[in-house]
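With chain A fixed as given, assemble chains B, C and D onto it according to the hints.
Protein chains: 4
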Amino acid sequence: MGATAILLLSCPDQKGIVAEIASFIYQYDGNIVHSDQHTDFETNTFFMRIEWELDGFRIPREKIGQAFGFIADKFQMDWRLVFSDEVPRVAIMVSKFDHCLYDLLLKWQSREILMDIPLIISNHEDLRPVAEYYRIPFFVFPVTAETKKEVEQEEIRLLRQHNVDTVVLARYMQVLSSDFIRVYPNQIINIHHSFLPAFVGAKPYHQAYARGVKLIGATSHYVTEELDNGPIIVQDVIAVSHRDSVDDMINKGKEVEKRVLSRAVKLHVEHKVLVFHNKTVVFD
Amino acid sequence: MGATAILLLSCPDQKGIVAEIASFIYQYDGNIVHSDQHTDFETNTFFMRIEWELDGFRIPREKIGQAFGFIADKFQMDWRLVFSDEVPRVAIMVSKFDHCLYDLLLKWQSREILMDIPLIISNHEDLRPVAEYYRIPFFVFPVTAETKKEVEQEEIRLLRQHNVDTVVLARYMQVLSSDFIRVYPNQIINIHHSFLPAFVGAKPYHQAYARGVKLIGATSHYVTEELDNGPIIVQDVIAVSHRDSVDDMINKGKEVEKRVLSRAVKLHVEHKVLVFHNKTVVFD
Amino acid sequence: MGATAILLLSCPDQKGIVAEIASFIYQYDGNIVHSDQHTDFETNTFFMRIEWELDGFRIPREKIGQAFGFIADKFQMDWRLVFSDEVPRVAIMVSKFDHCLYDLLLKWQSREILMDIPLIISNHEDLRPVAEYYRIPFFVFPVTAETKKEVEQEEIRLLRQHNVDTVVLARYMQVLSSDFIRVYPNQIINIHHSFLPAFVGAKPYHQAYARGVKLIGATSHYVTEELDNGPIIVQDVIAVSHRDSVDDMINKGKEVEKRVLSRAVKLHVEHKVLVFHNKTVVFD
Amino acid sequence: MGATAILLLSCPDQKGIVAEIASFIYQYDGNIVHSDQHTDFETNTFFMRIEWELDGFRIPREKIGQAFGFIADKFQMDWRLVFSDEVPRVAIMVSKFDHCLYDLLLKWQSREILMDIPLIISNHEDLRPVAEYYRIPFFVFPVTAETKKEVEQEEIRLLRQHNVDTVVLARYMQVLSSDFIRVYPNQIINIHHSFLPAFVGAKPYHQAYARGVKLIGATSHYVTEELDNGPIIVQDVIAVSHRDSVDDMINKGKEVEKRVLSRAVKLHVEHKVLVFHNKTVVFD
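Chains as they are written, first to last, in this note's numbering: chain A, -3 to 280; chain B, -3 to 280; chain C, -3 to 280; chain D, -3 to 280.
The hints are simulated quantities; they were obtained by calculation from the structure and are not laboratory data.
A portion of the hints provided could be inaccurate.
Which copy? The list can't say, so a pair holds if one copy fits it or any two copies do.
For lysine to aspartate or glutamate, the following DMTMM-like pairs were computed, each having C-alpha atoms within a straight-line distance of at most 25 Å [claimed, not checked]: (1) Lys70 <-> Asp32; (2) Lys199 <-> Asp244; (3) Lys199 <-> Glu222; (4) Lys248 <-> Asp32; (5) Lys275 <-> Asp9; (6) Lys262 <-> Asp240; (7) Lys248 <-> Asp36; (8) Lys268 <-> Asp244; (9) Lys268 <-> Asp224; (10) Lys268 <-> Asp9; (11) Lys11 <-> Asp51; (12) Lys248 <-> Glu38; (13) Lys92 <-> Glu128; (14) Lys248 <-> Glu266; (15) Lys92 <-> Asp112; (16) Lys262 <-> Asp243; (17) Lys199 <-> Glu38; (18) Lys144 <-> Asp161.
Next comes chain A alone, as it looks inside the complex (with noise of 0.2 Å):
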């Protein structure tokens, strides 16, 4: 299949939507490849992703938004236009733990989740030969209370830099100030090792614990202003038992941190989540 591309909208839900949608691409000879949608009948919001073939399309790329917009206008959507081939640029950001990092990176490599990864960021010179090894530049922030604020901007300049538009923080242990998550709203994706909102805040391994519960899990969420806050996009969980010391549980948390993180990674740079009232819409 070829470059195709994608629709991502949402807008107050009335009659005729989906028919003026599929009447334009089919009035200029689209394929549609995949479509799903949705309605909240709470908020009465309909969302929507369609993708259709480039190849045949009689508009070419760079006027689709233009004549598209009419239509958008006309149901006030938020709407978000796409193309297949145009790779997703995704800056990672890492401490000291390896294991989400590896696990992007394989998925990555074996092209199992398309995207460019122009950059690491790290405050830790820990997880350098792994950058190197898979030939990525890797830069280091040391961060501390004092020099938080300017690192922030030293990143964030960095990032533009490298025409960064998501940023994957894979087990990366600094909390961002809301200077940078304004930066990139609903582009910052964490992975919060538990269920939340179950053990927000740090060490929840040890509070899970502590708790003696019976399953632990994993989150992966947009980063919002407030802490451990913001619309979820996966979650899953493992079974744990009282043989499970505090170690046990970190060690079987790994397996499904960096499963739910390269989840998330994969759905987010594929545009299949768009975000609504702080939930996930997910198209999967």
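Below, chains B, C and D alone, put in the same frame as chain A:
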């Protein structure tokens, strides 16, 4: 929400199908409440389930089929039109095990599964009290090799008389003949107590125990003339270990069986299953 | 297999415990049929469940406790001796939801859970027909803030009169007072319809929906004076998506609730659960 | 915790086994840190795994086997004594797929799986860079029908020279001959990319796709002379739907394969698996 029209269809994939269908519904003021589609690229086949409100739709329900027929012909569709307020009439066939029967009756009673159950058929008397408690007519037809042909004709007569459109084999321990099956193509749902295609045939838990598997499963599928080989609707598994005897496996299996069968019946009566090439497309 | 003796114990860990217990049983010709142990290295505590056949054991059952007392004292054990043929007497308390009640009754009837159910208590009349069908005495005590204290005393009197040793709250919608709870320490099993500690308190599915989680869960735990904070016995989850309304979550949740509660009750009546430091050791 | 002795045994069940073993350990001042047992009532066989600290134990490690031999003979035990600080030497055999190899190497590197990997053997050059990055000797033996016998002898020589005790087939795409297998009885671990016994043989994901299953799985098992029929150690599954192409299934399957294989290897090198009658007893 009031009654809806549900259109289920498959046809060779080509441009313009969605536009045509969505425009048809919009043209007569229909409000789409659910739509899902799928394209099988191997066979170049398009599948769709689309549902819209009858209230306000400017074609009376008895004429919709006729009106849509023109589009259906144009695209060589295999299609079905149903209405959400025409509750499916489901006959349940059982032998002696009661767990699947109870699960279906409880979900029917609590309206989690919207269906009518005009009758229960069994080859044994054992479960009559259950049927009586729920005030559902209960018919017993003992089956032997000699009487089978005759008994099945009697059963079909009874099913027709009760306007049954779906037959659920809730651990019914007789194999239906091809003659029976042909009367209800893709309308007979069976629960096989293993993860098909592992352990086809009799006593799957004994087979699973002997093989020393670490998971046991259940499979609900439409009944076709080839035993245990019909289109799969739902499958699930549960963990077992060396500590589980055959009896433990049977008990654990019951949990999975009833869950899997109820899920399949719910999907079926909500018209969310399309059969194609001995496989299912499940719009859930 | 005939009746067995089951010994459940915990004590400070030290050398020789297993040797002493196993030698005691062997010395009197006991045949061990099951044994499991656990050491908590953080608190240096030893836990054990050991089960042996009474048939052939050269101490009569009524003297075993006395005979074992010597060993128990030596190791400062917290211990309990029960016999497999002394069937636990379980009272079920319900309000209006019937799914957990039915699941318990079906597993009681099919002898998957070996227990006696001498009575069902409710604060509403609704489920009386279910109790009557199964021929279990059904008592209704409407509860108001004013009458609560008095009603609970009445209930305790009734439970004692029926020699109840375990109370199962099968979606009983009243909070029990500390006075009630203290009468049955670690003998009251509750089902909380969320993955604790997420969503404590009222209307957890509404909370889960609002938060946009991708999994919902259920937790069975012993009731302690701190609400929703007792030792967890079993937890499980089920996937949800943006397509699930609150009602869908409630229905999916019911499946998990009944499964989790029944599993916890089965473990409890088979004497496989030890409570320690507000957590459970589950020998399954 | 210091080094421990681990005793794995099976024998005909009879009274007094646990008493004798526990007393033996206690008599020489051993401190038991883990013990688990199982009785198979069908074959009347007793299984045990018991682990105690060497520190303080009054028999030097090289004499424990001899000392225990007396008890072992008395009960006709099939037994094995290992020490936790004698790290298993594991050879990995691969072809071209790297996902299982990477997962094993990452867990080896992070010490989640405690083993030495003295060499990696392949029938292709492709994964040499991975081995080099981890500084593990990499040997390539192309295999053809003509050279197979000879090549295997070469490989066995190499494995012996490196004192290998376990061979892990991490998606090694050659069938080992009986001659090879007999050298490492229950010491060769394979990952089969299906839920055995469904889809034995080649291209299981293609078979699964054709059958339209709703779950795909992976099975790790010891290799025996009968293809895909050895004792199962770990199995797991993942959901698929009509939306998954064969390639999607392959990608989803990889996640399960690596998880299942790593879990099996970890259990094996921690001496938690006993084989009996072509099944496993897994003390996890």
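Going down the list of hints, with the structure as the test:
1. Lys70 <-> Asp32: both (21 Å within a copy, 24 Å between copies)
2. Lys199 <-> Asp244: Close inside one copy (14 Å), not across copies (33 Å); limit 25 Å.
3. Lys199 <-> Glu222: Both: 18 Å inside a copy, 23 Å across copies.
4. Lys248 <-> Asp32: For Lys248 and Asp32, the Cα distance is within 25 Å only across copies (22 Å; inside one copy 35 Å).
5. Lys275 <-> Asp9: within (18 Å within a copy, 34 Å between copies)
6. Lys262 <-> Asp240: Only across copies: Lys262 and Asp240 sit 15 Å apart there, 31 Å inside one copy, limit 25 Å.
7. Lys248 <-> Asp36: Close across copies (19 Å), not inside one copy (36 Å); limit 25 Å.
8. Lys268 <-> Asp244: between (34 Å within a copy, 16 Å between copies)
9. Lys268 <-> Asp224: Classified as within; 22 Å inside a copy, 36 Å across copies.
10. Lys268 <-> Asp9: Both ways: Lys268 and Asp9 sit 20 Å apart in one copy and 23 Å across, limit 25 Å.
11. Lys11 <-> Asp51: Between. Shortest inter-copy distance 13 Å satisfies the 25 Å Cα cut-off; intra-copy 30 Å does not.
12. Lys248 <-> Glu38: Between copies only: 19 Å across, 38 Å inside.
13. Lys92 <-> Glu128: both (15 Å within a copy, 23 Å between copies)
14. Lys248 <-> Glu266: between (28 Å within a copy, 16 Å between copies)
15. Lys92 <-> Asp112: both (22 Å within a copy, 24 Å between copies)
16. Lys262 <-> Asp243: between (29 Å within a copy, 15 Å between copies)
17. Lys199 <-> Glu38: Between. Shortest inter-copy distance 18 Å satisfies the 25 Å Cα cut-off; intra-copy 36 Å does not.
18. Lys144 <-> Asp161: within (22 Å within a copy, 51 Å between copies)
In this structure, none of the earlier numbered hints is contradicted; all agree with it.
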